[in-house]
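Using the sequences and the accompanying hints, generate a full structural model.
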Amino acid sequence: MIRIDSLIFHYPYGEFRLEIPEFTVAHGEKVAVIGPSGSGKTTLLNLIAGIMTPFRGIVRVQKRQVSELGDRERRNFRITTVGFVFQDFELLDYLDVLDNILHPYRITGALKLDKSVKRRAALLAEEMGIGDKLKRMADDLSHGEKQRAAICRALLPQPELILADEATGNLDPDNKNRIMDLLFRSIEAHEATLLAVTHDHELLNRFDRVIDFQDFGC
Amino acid sequence: MLDSFFIAWKYIGYNKAKTATLVACITLISFLPVALQLLLNESERQLMSRAVSTPLVVGAKGSALDLVMNTIYFGDQVPELITMAASARVGDTELALPIPLYVRFRARGNPVVGTTLDYFHFRGLKIQKGRQLALLGDCVLGATVAEALDLNPGGSLVSSPETLFDLAGVYPLKMKVVGVLEKSHTSDDLAVFVDIKTTWVIQGLGHGHKDVTRLKDPTLVLKRSKSNVAATAKLYHFTEITQSNMNDFHFHGNLEGYPITAVIALPYDEKSGTILRGRYLSEKETEQIIRPADVIEGLLQNIFRIKNVLDAVISVVVLATVMAIILVFALSIRLRQREIKTIFKLGCSRLTIVRLVAAEILTIVMASGVLCAGMVFLVNLFANDLVRMLFIR
Amino acid sequence: MKRSLFCCLSRGFFLFWVLIALFHPPSVASGKEAASGGKLNIYTVNYPLKYFAERIAGDHATVVFPAPADVDPAYWMPDAGTIADYQGADLILLNGANYAKWVKKVSLPRSRMVDTSAKFRSQYITAHEVTTHSHGPDGAHAHESLAFTTWLDFDFAARQAKAIAKALGRKKPKLRETFQMNYEALHKDLMALDGEIKAVVSKNSTLPLLASHPVYDYLSRRYGLNLRSVHWEPDEIPGTGQWIELQSILKHHPARWMIWEAEPFQESVKRLESMGVNSLVFNPCGNVPDNGDFLMVMRKNVDNLRLAF
Numbered sequence: 001m002i003r004i005d006s007l008i009f010h011y012p013y014g015e016f017r018l019e020i021p022e023f024t025v026a027h028g029e030k031v032a033v034i035g036p037s038g039s040g041k042t043t044l045l046n047l048i049a050g051i052m053t054p055f056r057g058i059v060r061v062q063k064r065q066v067s068e069l070g071d072r073e074r075r076n077f078r079i080t081t082v083g084f085v086f087q088d089f090e091l092l093d094y095l096d097v098l099d100n101i102l103h104p105y106r107i108t109g110a111l112k113l114d115k116s117v118k119r120r121a122a123l124l125a126e127e128m129g130i131g132d133k134l135k136r137m138a139d140d141l142s143h144g145e146k147q148r149a150a151i152c153r154a155l156l157p158q159p160e161l162i163l164a165d166e167a168t169g170n171l172d173p174d175n176k177n178r179i180m181d182l183l184f185r186s187i188e189a190h191e192a193t194l195l196a197v198t199h200d201h202e203l204l205n206r207f208d209r210v211i212d213f214q215d216f217g218c
Numbered sequence: 219m220l221d222s223f224f225i226a227w228k229y230i231g232y233n234k235a236k237t238a239t240l241v242a243c244i245t246l247i248s249f250l251p252v253a254l255q256l257l258l259n260e261s262e263r264q265l266m267s268r269a270v271s272t273p274l275v276v277g278a279k280g281s282a283l284d285l286v287m288n289t290i291y292f293g294d295q296v297p298e299l300i301t302m303a304a305s306a307r308v309g310d311t312e313l314a315l316p317i318p319l320y321v322r323f324r325a326r327g328n329p330v331v332g333t334t335l336d337y338f339h340f341r342g343l344k345i346q347k348g349r350q351l352a353l354l355g356d357c358v359l360g361a362t363v364a365e366a367l368d369l370n371p372g373g374s375l376v377s378s379p380e381t382l383f384d385l386a387g388v389y390p391l392k393m394k395v396v397g398v399l400e401k402s403h404t405s406d407d408l409a410v411f412v413d414i415k416t417t418w419v420i421q422g423l424g425h426g427h428k429d430v431t432r433l434k435d436p437t438l439v440l441k442r443s444k445s446n447v448a449a450t451a452k453l454y455h456f457t458e459i460t461q462s463n464m465n466d467f468h469f470h471g472n473l474e475g476y477p478i479t480a481v482i483a484l485p486y487d488e489k490s491g492t493i494l495r496g497r498y499l500s501e502k503e504t505e506q507i508i509r510p511a512d513v514i515e516g517l518l519q520n521i522f523r524i525k526n527v528l529d530a531v532i533s534v535v536v537l538a539t540v541m542a543i544i545l546v547f548a549l550s551i552r553l554r555q556r557e558i559k560t561i562f563k564l565g566c567s568r569l570t571i572v573r574l575v576a577a578e579i580l581t582i583v584m585a586s587g588v589l590c591a592g593m594v595f596l597v598n599l600f601a602n603d604l605v606r607m608l609f610i611r
Numbered sequence: 612m613k614r615s616l617f618c619c620l621s622r623g624f625f626l627f628w629v630l631i632a633l634f635h636p637p638s639v640a641s642g643k644e645a646a647s648g649g650k651l652n653i654y655t656v657n658y659p660l661k662y663f664a665e666r667i668a669g670d671h672a673t674v675v676f677p678a679p680a681d682v683d684p685a686y687w688m689p690d691a692g693t694i695a696d697y698q699g700a701d702l703i704l705l706n707g708a709n710y711a712k713w714v715k716k717v718s719l720p721r722s723r724m725v726d727t728s729a730k731f732r733s734q735y736i737t738a739h740e741v742t743t744h745s746h747g748p749d750g751a752h753a754h755e756s757l758a759f760t761t762w763l764d765f766d767f768a769a770r771q772a773k774a775i776a777k778a779l780g781r782k783k784p785k786l787r788e789t790f791q792m793n794y795e796a797l798h799k800d801l802m803a804l805d806g807e808i809k810a811v812v813s814k815n816s817t818l819p820l821l822a823s824h825p826v827y828d829y830l831s832r833r834y835g836l837n838l839r840s841v842h843w844e845p846d847e848i849p850g851t852g853q854w855i856e857l858q859s860i861l862k863h864h865p866a867r868w869m870i871w872e873a874e875p876f877q878e879s880v881k882r883l884e885s886m887g888v889n890s891l892v893f894n895p896c897g898n899v900p901d902n903g904d905f906l907m908v909m910r911k912n913v914d915n916l917r918l919a920f
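Chains as they are written, first to last, in the numbering used here: chain D, 1 to 218; chain L, 219 to 611; chain F, 612 to 920.
All the given hints hold, so there is nothing to weed out.
Interface residues of chain F toward chain L, partial, derived using beta-carbon atoms under 7 angstroms: (1) Ala691; (2) Ile694; (3) Val717; (4) Ser718; (5) Pro720; (6) Ser722.
Derived EDC-like pairs: lysine to aspartate or glutamate, alpha-carbon spacing no greater than 20 angstroms straight-line: (7) F:Lys715 / L:Asp336; (8) L:Lys344 / L:Glu400; (9) F:Lys881 / F:Asp846; (10) F:Lys730 / L:Asp310.
These aren't lab readings, by the way, just hints derived from the structure by calculation.
Using N, Cα and C, we set each Cβ at its ideal position, and we do this for glycine too.
Quick look at the structure:
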């Protein structure tokens, strides 16, 4: 699914430098990435998603060389292939839950919003246990409900790859487990691949593989 | 693009206070200069049309502006008085038709305009309800006065005393409302019309009382001779002219010496008008003849000079407001940086982000535009009445 | 078929609008022109002016004097409806000299009012027999002291007729010559009357005469009558005080004839005859006469006056 070779990344200004000689994730694999803060875990996710491009090296996702794609192609790739789940949920306060879930369809022409999409969104929300909250405003939800909505938003375009950046970072222990259960169940149901950055060691045993950034010497 | 408007609409609806403030600011800075221009245009139109339709005015020498404002717009400032002899003088020249006016008194805040029936024909005023003036003490109301005072033919209206404490001065006359005029959208709508002789009754120059020559009460008679009986101030004067006491009303002295404020002169042709004006050129003249259009044009020149200053002030205010609005939008975008980063991460292009912001700005501007258009429409609709209320009276 | 129907319809439509344009009903303005091309509507305040206007205008005017026959027009008060009729007239002929008291109490369009005696207003006569009133020690007197039967001076009558002719000529410039011609005929009649009275009075210009009412000021002045007035009414028997007053007058003014406005009571006539005073009628003719017209009444008046001389 993901293959990174001889990647070197650094910002134009500053001392941060990320070097990954080799990195692979198989299709359908659930991989956790751990490491100290500032080690480049989020940067890795951004490089894989095509948000950033490496100084040197290749980033390949599903045989597409993301690092070589143009700006527009990387955006299209991102919206159709990658689903993001953020630590701070990143829902829009001024939209209700349904509109938040449908949001990716409204910000790009690559996805077509129609009735079938809305039906799928409702079903997804049902699966996540927030089917009765679709008309509530996002900031009326609890943290757990917000993260479920965010997961629905990530899964709705049926991406092949889910990138979760500290998805349970702002949740209490009960919600953490519940969210992870839902996330894993959905990923399995949609036959997607999961690459999750996490600080929570209690969740590591759920993953197929754990990669420590310190192994890359970052 | 529709999706961008959808998202913009949701954002605007969520931030009601901010949206309302922005819409209000943009509406006001758009509306104010337009409304001011509309009102000034309407003022100019009203002032000029009324002035142009009044060919010549004869009055006492002095402020031409006061004379015109009182004669044409029934303004509060009463010019120096002239007499009916001035009207007879115009008539005797056989160059113009004289229409005397006596605009001095008020009735419940509205100007009482004493004149002759020729005035109504001159201004094209038609009776909507009731009948035209016929008897002493009758009054015909302008449309707006009738509405405001809720008066109809058959009602009555009392003239206001000039001063509260002057017992020997003008005291109230109860006038009978006999007619209401059609709306003319001029100062005539705001006036109470009476025969000029009725204004003299209001002033006390004409009055009604019991036959003095047949009085029995000695305290009512000051001096009695073979040809004349002088009555004392104790003699009661009627405050209302009715069918039963109409014959008791009379005037003392020569009517040609009775006061008026102005004479509208309607020349029979242009040449007559020019000749008539020439008759008032002497330096020894105590009367002046003016063309209202010339006076009003001078007034408008001054108004437009003031308007230029106002325009400059408004421009500065508008500029400051626009800068503030731009700052608000800039700050708003800054506040939404996180949202922008998120949707960028999700796959949104920079152009789409620009479209989202533009949609928000456009929606606010359009809402302001609609509001502004509505307010301008209302101002336009009521410009006529607004101008008369704000500027002319 | 469809095409021919369309052509017919379009031609008919066109023809319809042509007909409308040709036979468009007259506009208000042209309607008004038609009205003004018709008879003038003239209102007067007394009968003499009505007579003069009818003589001068002829068929070109409808002259109305609406006062009832049994009232003195000088003291008549028209109702609101009649006032409205006056307001709607093309011309309102006034006598002047404060004749019609009601004129000062109503609203009339000045542009259509004609004061027929305006040209000789400096020659009005002040009526001394009327008691006026004033307010306060220095107040102006109520202006009721003008004699107003100006038409009894037939020169004045002619001048009033001239004012009417001029006013008519201003209203209908195309008929000026007609009006002038008619006026001249009337003028001739009035001057004939004027000459006749002069001739009658010249026989004895100092002859003392009595008038039952002070309405003959202008007659008296014009023709030099030696006239003293009392305040009697033909339809009232004079009271004792009035007889005493008469006797007192007769002491210094030995008149043998009393001039009445109308036929007096026989009782008054007989008592006067017992005092050596005969009666004759000189009808001022302020209102419409029972018989005849103004000229006929004046001719009869002159005949009656002849009796005294």
